[in-house]
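A.B. asks: Sequence:
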Amino acid sequence: MLSFSTMTVYAEHRKARFDYEILKTFVAGIELLGPEVKSARSGKAILNGSFVSIRGKEAYLLGADIAPYQPNNTSESYESDRARRLLLAKEEITELAEAEATKGLTIVPLKLYNKGRFLKLDVAIARGKRKFDKRESIKKRDTERDLKRTL
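Residue numbers for the sequence shown follow my numbering, beginning at 2 and rising by one.
Warning: the hint list may mix true and false statements.
DSBU-like cross-link-like pairs, simulated, lysine-lysine; straight-line CA separation at most 35 Å [as the list claims (entries may be wrong)]:
1. 91 / 16
2. 141 / 91
3. 112 / 45
4. 91 / 104
5. 149 / 16
The hints are simulated quantities; they were obtained by calculation from the structure and are not laboratory data.
Let the sequences and hints guide you as you build the complete structure.
C.D. replies: This is the structure we're talking about:
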């Protein structure tokens, strides 16, 4: 029996934790085409600037760019930034829909990784940080770095 205990992160929205205050996270499956899976596993996925939107009773990842796996062998109708459906439980989708309807809250993807043989996406309900909050996080990070250097 094979063990799939290692988790590889293929794409990460690094600035999300800096720009947003993360309130709650969810793990979602993502519906991809075969070449998109190969492309994501080879590191050609970009989550920067992407977000999650609820349409009806389904969640979609919008603005994420997954480049074609083999550009010369890809059909011309392929869209690298198409809407991709997220696989979540009904209760999670309703919670995300309520958060999306609340003013000041947004839904952002954090990272794309594998769990066993499946690709998963960490999605978070977040509130945008103000300028002074960002300055605080920079100060905190710098002081922690200085403490580690002295030790």
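A.B. asks: Does each hint fit the structure? Answer for all of them.
C.D. replies: Evaluated hints:
1. Using a Cα cut-off of 35 Å, the hinted pair residue 91 and residue 16 holds, with the two alpha carbons roughly 29 Å apart.
2. The straight-line distance between the Cα atoms of residue 141 and residue 91 is roughly 38 Å, outside the 35 Å bound, and the hint therefore fails.
3. Taking the CA atoms of residue 112 and residue 45, the gap is about 13 Å. The hint holds against a cut of 35 Å.
4. A C-alpha spacing of about 22 Å is found between residue 91 and residue 104, which places the hinted pair at or below 35 Å, so the restraint holds.
5. Distance check on the hinted pair: residue 149 and residue 16 sit about 23 Å apart at the alpha-carbon level, within 35 Å; holds.
Of the numbered hints given earlier, the model fails hint 2 alone.
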